[in-house]
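We have chain L already, so just place chains W and F on it with the hints.
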Amino acid sequence: MLTAVKNQGRVSFLSIKYALMQEMLNRVTFFTNILFMILNNASFIIQWIVLYSIQNNVGGYTFKQILLLWGIAAGTYGFSHFFFENAYDLSQIINEGKLDAYLVQPKNVLLSSITSKVKTSALGDIFYGYIMCFFAGLGVVDILLFTILSIIGGITLTAIAVLLGSLSFWFQKADMIAESGNGFMTNFATYPDGIFKGIVKVLLFTLIPVGIVNYLPISILTEHKVEFFFLIFLFMIAIVFFAFFLFYRGLKRYSSSNLMSMRI
Amino acid sequence: MRKYLFIYKSEVMSSLQYLANILFGFLGYFIMLFIFFQLWKYLYSDPDSVMNGYTMAEMVWYVIMTEILWSTLGGKNLCQKISNDVKSGNIAYNLCKPYSYIHYALFSHLGSITIKAVLYTLLGLVLGFCFLGEFPNISFLSILLWIISSIGSLAISSLFVIFIGLFSFKIEDANPFYWVYSKFILILGTIFPIEFFPKILRPILRYSPIFATTYGPANLFVHFSFQNAFRVLIAQFIYLGIAYVLCYFVYQKGVKKLNVNGG
Amino acid sequence: MSVIEVKNLQKTFRVKKKESGLKGSLKSIIKPTYRQIEAVKGIDFTVSKGEMIAFIGPNGAGKSTTIKMLTGILYPDSGDISILGLDPKKERKKLAYEIGTVFGQKEQLWTHLTPYDNFKFFGAIYDIPEEVVERKIQELKEVFELEEFLNTPVRNLSLGQRIRCEIVASLIHEPKILFLDEPTIGLDPVVKENIRSLIKRMNKEYKTTIFLTSHDVGDIEKLCKRVIIINHGELVLDDTMENLKYHYLNKKMVEAKMKEKVNLEEEEGITILKDKGYNLKIEVDTTLKSVADALKLLNPDNIVDINISNIPLENIITEIYKKEEEK
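Residue numbers (the working numbering), protein chains in the order written: chain L, 1 to 264; chain W, 265 to 527; chain F, 528 to 854.
Same shape as in the complex, but just chain L (with noise of 0.2 Å):
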């Protein structure tokens, strides 16, 4: 069992590392996606200056926290994409019949599947989390507790675009609710939960689990609430067995397809 893991474990870093060197190629082009994704969040910033500066808290939220805010969104984000980006791509896979190539492996089709591509511009919304940490003041150990939250909410993102991709097993035009499901995750992400109230609220929680990838962390990074990090955490392994229990379930339905398709 142990040794099962460990392999697996091997893979996927194999895995992502050889998806890394596919990205770095071309040297320019990779080091533009990264610095450029970096500008293009930091450009929201001036969004913020001009709401701060009518008014000194935006829907229960301090400049600083607007930042952290931020800071998770892009690190939740970024987590997700870079390590899991074919998780986003998971609907046209199945689609397109391209789970054979896994399906063959004695290895776990989900994670090699998801692991098999990266994302050059995440590691520029990673980075960027980190200078929302430095210009919030956080600490070295904040810093630290700032990182693992970005893991279980990369976790968790990534977990629900596999239940979303996974539909593509029942429906054939799932990628488009798969879209908008992940959208609504990142639209959500950077605006602060005051503004929003009664059913919406509760949505937020639940069904649309923005509240738990980037609201809760801002109260554990800020007000260090014990109980929240345990409520993210709690949610995201329900989510992730969720994630695995969906797919593996739809994967007998999987109807693979005689297309053309090559790993470019």
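In short, the hints are calculated from the structure, not lab data. Treat the hints with care, since some could be wrong.
The calculated DSSO-like cross-link candidates involving lysine-lysine, where the alpha carbons are at most 27 Å apart (straight line), are [to be verified]:
#1 K201/L <-> K616/F
#2 K620/F <-> K779/F
#3 K6/L <-> K734/F
#4 K17/L <-> K620/F
#5 K173/L <-> K345/W
#6 K252/L <-> K734/F
#7 K6/L <-> K621/F
#8 K201/L <-> K345/W
#9 K340/W <-> K173/L
#10 K521/W <-> K64/L
#11 K6/L <-> K786/F
#12 K463/W <-> K361/W
#13 K197/L <-> K305/W
Only part of the chain L face toward chain F is listed, based on derived beta-carbon distances under 10 Å [said to hold, decoys possible]:
#14 N7
#15 V11
#16 Q22
#17 L25
#18 V28
#19 L99
#20 N108
#21 S112
#22 R253
Anything over 12 Å on all C-beta distances counts as not near chain L; from chain F, calculated [claimed, not checked]:
#23 E625
#24 K633
#25 E634
#26 F676
#27 R682
#28 D708
#29 E720
#30 L725
#31 K786
#32 T798
#33 D812
#34 I833
#35 I835
#36 I838
Here a beta-carbon is modelled for each residue, glycine too, at the ideal position from N, C-alpha and C.
Relative to chain L, chains W and F alone:
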């Protein structure tokens, strides 16, 4: 000109096949507008107060109008398409066809977004009404001028994106440049009117493409005046020319390089 | 000892029907209608250890579906599969250690890496210790002559070299059975020949059981001792190559363009398929008449152009299939 109209028309027809995609696109558009509505509702604790010359209703309508233009444009796909054309060498095949690639790219893109534009505008109006409970008090003529300037805005924006897509002649991936341009338009032109920025910045923004592509048309819907309409149309005319010339030069330079390399 | 046992295997796909036009697309969103496609309709066969089997049939006959069910890619609707005593449905991972797969139309290699790095990656996938992989790569390099391009990125290799690497990659873990789906598709004749001899050598040196699908007669003729033909999801024939050859592959098609009109009569071993005076098409049964004799009948001095070919596999299958229906 007739052939470009034909290209436009056939793109409109083929976009009908992607109706389901457009309907799903509504979801993201709806969420963005919903978030902005919540944000401004929160910030305008008194809906009748005026902030930088905008009431809450005017603010929400402004954002709806700019978001219509933003969501309709689909700049990301256009940029990707142009840069794919360049990289795959498709553009070389266009050299021996009797039309201008820039015209072709512009008209086919405008064709592919026409249905989307109509649907998003209708949805935007419905959402605005649902959020605010009323329509702004505007005349028929101002609506007409708003429509004309919106079309102008989409044409100019498309040309700017084509211009950026054509960078692929020089560098492998033009997308990062598109991000920066789109963020410039989104943050300085879409989510706030120019009046919300510091005094020093305002004149720069007024002469930037933002005036012609987002602020101008949206402001016609919110604060209409003939003087304003006239200025917007003049600015659009100038920027259309500038954008076209930029595209033309990058294209010519790129094609020359293409000939040297033999495609 | 049989290594593959298949009993009453079935698979049906459900495909959404779409009517044309805008109305049709709207209708298919609201109330989709489905069409059942029975890709495999209950087939049985067994394969013994060390055999080389050709599993053939025209496009859409169900051969890819079958091979995908055998390798654990597709989940069968009903029926039993036992590969080396394992059930691909339940023991996919265990099975994967024992079998190798090559899909001619799908690449399993990372194109930006060298074959060497790819082989190392596959070594990790099959949990093979580093030094064992190293030894295995050296061995395979010798046997399959990979020396000259072992350290060239896969994207810079020719199609033939790539397929060779694909096959070698599937051998790293010393599989007991190798499944090849259209391994020679899209390759030029020289490369095809090369791949065939490679497969043959593999069977000989490692005693690997080979299960091969193809619609290239050459692959089958040169490699396999036994042929299974499938059409419309059903087994049509399961016989030795010798028998098949005797019945079907001993016929040649001769198409000739003549200077002058000839009046050819049908006789033993000659069937006239088309006779338009100057243009002739005849079938020669080589067990009864040699091609040379057939040409003499045409008067060689009179021939402007000539084309002698095997009967296309599709025709053979249709012929076999027709006979099945007549029974």
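So which hints don't hold here, by number, going up?
Numbers 1, 2, 3, 6, 8, 10, 11, 12, 18, 23, 24, 25, 27, 28 - these are the hints that the structure violates, sorted from lowest upward.
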